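Protein chains in written order, with my numbering: chain A, 1 to 268; chain B, 1 to 397.
Please keep in mind that the hints were generated in silico from the structure rather than gathered at the bench. Quantities reported herein were computed from a predicted structural model and do not represent experimental measurements. Don't take each hint at face value.
[Unchecked claim] Label pairs and their in silico Cβ distance ranges:
{"id": "1", "chain 1": "B", "residue 1": "Ala29", "chain 2": "A", "residue 2": "Ala71", "range": "16 to 26 Å"}
{"id": "2", "chain 1": "A", "residue 1": "Ala71", "chain 2": "B", "residue 2": "Gln344", "range": "46 to 56 Å"}
{"id": "3", "chain 1": "B", "residue 1": "Arg216", "chain 2": "A", "residue 2": "Leu103", "range": "33 to 43 Å"}
{"id": "4", "chain 1": "A", "residue 1": "Arg211", "chain 2": "B", "residue 2": "Asn240", "range": "42 to 52 Å"}
{"id": "5", "chain 1": "B", "residue 1": "Pro297", "chain 2": "A", "residue 2": "Glu226", "range": "28 to 38 Å"}
[Said to hold, decoys possible] Facing chain B, from chain A, some residues (calculated, C-beta under 7 Å):
{"id": "6", "residue": "Gly127"}
{"id": "7", "residue": "Ala138"}
{"id": "8", "residue": "Ser213"}
{"id": "9", "residue": "Pro216"}
{"id": "10", "residue": "Ala217"}
Every residue, glycine too, gets a C-beta built ideally from N, C-alpha and C.
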Amino acid sequence: MSTLTGCVHSLGLLGPGLADWSAARAVLNGELPHVAARTVLPPPAVLPPAERRRAGRVIKLALAVGAEALAHAGSDSALDVRALSTVFTSSGGDGDNCHEICLSLASHDRLISPTRFHNSVHNAAAGYWGIAYGCTEASTSLCAGDASFGAGLLEALAQLACGAPAVLLLAYDADYPQPLHAKRPVADAFGVALLLTAPAMGSALPRLQLRLSDAPAATMDDAGLESLRASIPAARSLPLLERLAQRRAGTVLLDYLDTARLAVEVQT
Amino acid sequence: MTPLQLTHFTATSCLGRGLSATLGALEAAHSGLTPCHFETVELQTYIGEVADLDAVRLPPSLQHFDCRNNRLAQLGLTQDGFDVAVHSAIERLGAGRVGVFLGTSTSGILTTEIAYRHLDPLTGALTADFDYRGTHNSFSVADYVSHRFGLAGPAVTVCTACSSSAKVFAAAQRMLAAGQIDAAIVGGVDSLCLTTLYGFHSLQLSSPQPCRPFDRARDGLSIGEAAAFALLERAPATLNPEAILLLGAGESSDAYHMSSPHPEGAGARSAMQRALADAGLAPEHVDYINLHGTGTPSNDSAESRAVATLFGTVTPCSSTKGATGHALGAAGALEAVICALALQAELMPGGLNLRQRDPELAVNYLTGNQRAPLRRVLSNSFGFGGANCALLLGRAG
């Protein structure tokens with residue numbers, strides 16, 4: 001079976017006790033211990049004021065990790081963010097907004113605000129991204145439940161295989177408020193962005209080769225990180241991120257669907 | 001792109017179950033829109049409701065997926081022998097080589113909306129039988145279809161509001177081109193719920209009457225629901241002339257506003273241009289355009305500008321949403337199937353409910369059915385958040 005390939009140009013990350021990719025890299029390298037702490041979401045400075053006021057937690061999360069991946073892409077890069085294809089993937093979207101809408105619809109007057117309604121679409125973060133960066137390139141927003149990170153990685157690499165020079169993958173999930181939290185116990189907000197580029201000869205960038213597999217998924221040695229991996233769909237990326245942090249070649253198995261895992265060979 | 005064949009396809013909407021009912025309604029210029037009496041909704045609006053969904057049952061082993069949206073998926077899959085065709089493809093290709101790419105906007109959210117009326121008065125908890133993964137989550141419908149057929153290939157929901165199930169064709173095409181699968185179940189399933197009925201009402205985008213796309217006095221959309229599917233495979237060297245091909249797909253983003261289209265239709269134009277480029281075709285090669293045509297003042301105005309800029313004022317076009325309502329996340333797939341029917345039946349369906357054409361919309365909008373040999377047709381889908389997609393479909397001969 002054919003494999004899909006792509007190079008990891010840069011990353012952005014935000015999660016519990018992981019303030020950005022640099023901090024996460026130190027933890028995943030083993031240089032620093034992982035200290036559990038609630039995810040702190042920065043205000044989305046890149047948005048115009050009207051949109052900034054309307055942005056919920058997942059939008060802040062997606063914009064933060066995407067902005068970090070862009071910042072690490074370097075100024076010498078030929079990448080133009082306005083023409084950069086994006087793949088957004090999330091298991092649940094904006095759970096706070098969904099909860100408020102369901103509360104309103106269960107109330108007597110059933111009135112929901114226009115902002116709540118347009119923020120309820122799964123592609124809200126992609127819409128805000130486009131407005132923030134003036135990006136008119138194609139963008140998709142995916143959901144595959146717990147397999148959402150894997151589905152996004154497959155789509156991004158398939159776009160590279162079909163000729164896209166670069167694709168920004170943004171995977172993000174945030175916790176639901178109660179009562180949905182009891183039914184869907186996502187622990188906290190976690191997002192990761194990977195700027196993926198088509199494989200080029202002689203490139204020093206880490207290269208990924210992906211295929212479907214039925215072997216069992218890798219877990220994290222650290223109990224805290226493993227708990228994140230197991231409870232937040234976007235954090236299913238952690239075994240891959242660990243290898244990228246350590247710049248260690250080899251194959252890592254990522255959790256994907258009930259019926260399949262993703263075997264990702266990392267070449268450094 | 002290399003053309004792909006829609007080896008089987010089907011659609012179920014307020015026009016009826018399956019292709020024959022759908023084509024029959026289009027030929028008769030019949031609209032399926034009716035005054036809204038859905039659930040407990042008290043709004044003066046019209047809807048395109050699929051009849052008797054409450055009587056549909058999922059297989060016993062998949063009861064945890066039971067919700068209106070998956071019942072609609074189940075009903076749609078069993079029309080026109082589509083499920084039989086999928087089983088035969090799996091037998092031929094293997095369960096790991098058939099992917100699932102479905103669009104929805106609200107999945108089974110209706111179940112959650114109703115569950116929130118029955119929270120535990122002491123603890124605020126949802127009832128014990130509430131199944132988040134099987135109903136509420138956007139993936140539920142693709143997960144259901146994947147499990148129903150025992151598939152082991154990639155499965156995903158594309159969730160870009162009203163362009164969701166147009167974009168699934170592009171996503172599946174990439175996965176086929178990249179060699180990861182040999183066939184794809186593509187489609188869209190979206191069902192009526194309170195979030196969209198009250199949400200579009202809050203934006204003042206739903207009409208109190210049956211929607212009137214391209215009418216001078218158009219005042220909003222009518223929400224519909226639908227399940228539409230196609231089995232997408234690489235085309236063999238020789239084809240029946242009536243075979244339907246996906247010739248190209250174009251995607252773009254507006255980068256303009258969350259719920260209003262770019263006034264000049266810049267994103268819409270770009271999506272159509274890309275679909276043409278993807279197919280290696282020029283505007284004059286397109287015989288008919290099935291418009292997004294929601295019937296909101298802003299959509300029809302922006303879309304007509306985009307179409308006129310690219311195609312001029314001659315290419316026949318129409319919106320079929322006066323017949324089906326706006327099936328939101330299922331609209332792209334529903335209208336792709338309508339385009340396939342149009343190609344096979346040589347029928348350009350006229351737009352319904354029109355009283356007076358808007359003279360500001362300078363396109364060749366069809367107000368009645370027209371018969372003509374069609375080789376290639378374009379289908380437009382544009383969504384909230386500025387997510388645009390255009391699909392080019394054609395006959396093999």
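Hint check results:
no. : hint                             : verdict
1   : B:Ala29 to A:Ala71: 16 to 26 Å   : violated, 56 Å
2   : A:Ala71 to B:Gln344: 46 to 56 Å  : holds, 52 Å
3   : B:Arg216 to A:Leu103: 33 to 43 Å : holds, 40 Å
4   : A:Arg211 to B:Asn240: 42 to 52 Å : violated, 35 Å
5   : B:Pro297 to A:Glu226: 28 to 38 Å : violated, 53 Å
6   : Gly127                           : holds, 3 Å
7   : Ala138                           : holds, 4 Å
8   : Ser213                           : violated, 11 Å
9   : Pro216                           : violated, 15 Å
10  : Ala217                           : violated, 15 Å
The structure shown violates the earlier hints numbered 1, 4, 5, 8, 9 and 10.
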